[in-house]
Amino acid sequence: MSQHYAVWLTSLALMACVASGFIFVALNSGRREENYAPLAKHAYRLRTKLFWVLVLVFGSAMIYTLRDLPYDAVSRDMNNAGPPQVVAATGYQWRWELSHDRVAKGQPVEFRVTSADVNHGFGIYDTEMHLVAQTQAMPGYTNVIRHTFDKEGTYKVLCLEYCGVAHHNMVAEFQVSDL
Amino acid sequence: MADYTYTPMPDHGARTSVLAYLVTAAVILLLMMVFGLLMRLEQAQIISMGPVPFYELLTLHGAGMVGIVSIAGLAIMWHFLSQYVDLSERIFVTNLGIFLVGVVMLLVSVFSGSFHGAWTFLYPLPSQSMGMWDAGAAALFLGGLLLIGAGFLLLHLDIARAIIARYGSLARALGWPQLFGPDDGHAPPAAVVASTMVTIVNVIGLVIGASIITMMLINLYHPAFTIDPLLAKGMIYMFGHIIINAVIYMAVIAVYEILPRYTRRPWKSNKAFIASWTASTIFVLFIFPHHLLMDFAFPKWFLIMGQVIGYLNTFPVLVVTAYGALMIVYRSGIRWDMASRLLFLSLFGWAAGAMPAFIDGTISVNYVMHNTLWVPGHFHTYLLLGMVSMVFGFMYYLGKPNQQAQGNAIDRAAFWGFAIGTLGFTLSFLYSGMESVPRRFAVHLPAWIPYDRVASAFVVLVIACTLWFVTRFLTRLGQSARDYPRATLVRSAVA
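Going line by line, the protein sequences match chains A and B.
Take the first sequence: its position 12, counted from the start at 1, is 12 in my numbering, and no numbers get skipped.
Take the second sequence: its position 366, counted from the start at 1, is 366 in my numbering, and no numbers get skipped.
Heads up, none of these hints are tricks.
Here are a few chain A residues that face chain B, going by a calculated C-beta distance under 8 Å:
id, residue
1, GLU33
2, ALA37
3, LEU50
4, LEU54
5, LEU66
6, VAL118
7, ASN119
8, TYR125
9, VAL132
10, TYR141
11, LEU158
12, VAL165
Using 16 Å as the maximum straight-line C-alpha spacing, the simulated EDC-like pairs for lysine to aspartate or glutamate come out as follows:
id, chain 1, residue 1, chain 2, residue 2
13, A, LYS156, A, GLU97
14, B, LYS271, B, ASP184
15, A, LYS105, A, GLU152
16, A, LYS151, A, ASP126
17, A, LYS156, B, GLU435
18, B, LYS300, A, ASP72
19, A, LYS156, A, ASP126
20, A, LYS41, B, ASP3
21, B, LYS300, A, ASP68
22, A, LYS105, A, ASP150
23, A, LYS105, A, ASP178
No lab work stands behind these hints, which were simulated from the structure alone.
Don't be surprised by glycine CBs; every beta carbon is placed ideally from N, CA and C.
Starting from the given sequences, assemble the full structure and let the hints guide the process.
Now the structure itself:
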């Protein structure tokens, strides 16, 4: 299952959980219990349980997802054989200039991304037009992302930070193949 | 000893000034929705206006919606807070006047000056248009925002003054004596705690916004005065996040004040409530790095803070606000009418909308979903189904014909149409985001267009229902000003 699809399903599941709480209460709202105190106490006890369940589930997810940060990709890859292939990428209004239009499959590629003018968004799309990596292309700064492409084909770079009238036309392509 | 007795409070009609805010909000909201529909129709290739008009509408839709939900939230907050503290109606009205002047400036800068730098005015785009707009148009847009912000700041300073005059300090008004000491049951009412939180965060956010806008205005005419683009981005997103997040904290006051009247159960400022609002004050100020997670140039701790606070921020809404509403409604004998339905729905909208939000605020997810349509997906959920539902609930409450009225068949159909329409519309955005469709693209690839068409159909439904809600409110303005009990009496308890 792709990461995108997992995110979609997780979101739907959580939204459904919230919805079920609201539906349950709405369906049980008609008959009044005048003595609210015991109801409230019971609800507070349940809430304490809910609190700790959320701490456990969300807390674990938060810690788990912090292990694998794109900012650490460069230092994480230090053990890999051979230097990475370096591609310099510069965003302009309204085009990308890539120093290489061909990279090797299965080996880390380091994109050094900057902008010559305004903020752009360097978004790498795979052969199925799914976003696989991105960073901001900023004037005066170089952001580095490192990605290993496991599938051959034509990849696209789309601009992911609004930059003016031709923002949607800023597309570049590069090939991933066995070099 | 906890006390669960409900103390009935009289219902006040709205002052003319509050109604003026709400009418302004209703009309501009509808117009901004139509702009939104036009954008979706363009992306769906059902109409063809071209990229410049598209991006102009994008710019106005963003600025307009942020401005108008602020106005609506302020109306709700002011209406209820004025029953507890002594606010200046003159400043309240002056703010609306300043806002309207600012709106005119924004409209002229876009429709006449063709400014289309998006409402986020991300430096240095306003001064680097590739000839598409001139410095005057950018200055008019930024100046309009600055003016609107100055009006809001003036209002918030008056609110702070009034709160401090009544409660002694902002800390007391946040309920800190009852949080850090024994809960003597004398914490300020929920509406006051909420208003205090909003005032603190908005004063800070507005000053930051005014600062970066002023710096950018200088840069427009003195290009040698440059701004570090990373600093500018940080300031813009800190300001922008605080301002838009604050509006739901203002609007929820309607829930705190109105839902207890329907359930005859109190919404108390107990320790958990006060702790939740203090936490929210801190979270709203420091969560803004979640907009910047793909800015690798920021220090890593700053970006990690964005993710951590994003996760923490789900707790106040899930465990206190939404749960609190569920508690007082459960087995309450509530008789549903339009106001109570919309307010109940709004808490679902807020809580549900927070789910795709904190998930996207996970850095490893943001890496593959930032600036896709997932982003407007989640914020439209809690803004439309959450905040705007609170506003409609408040409007229906004010204009309710009499205590027993439950709304006619069209009202009920509009309620369900609005709920389904909004869910369909936002789920279309989220689905498109899952498919990596970028946001803010005037032209979509053929593969993306079916999602846009589905979304457009749902938007039409949302606008139709909104038109009904607004019409109902506008025809009941006289009613809305009067003092009379509005909350339908609960069913009596089962013997």
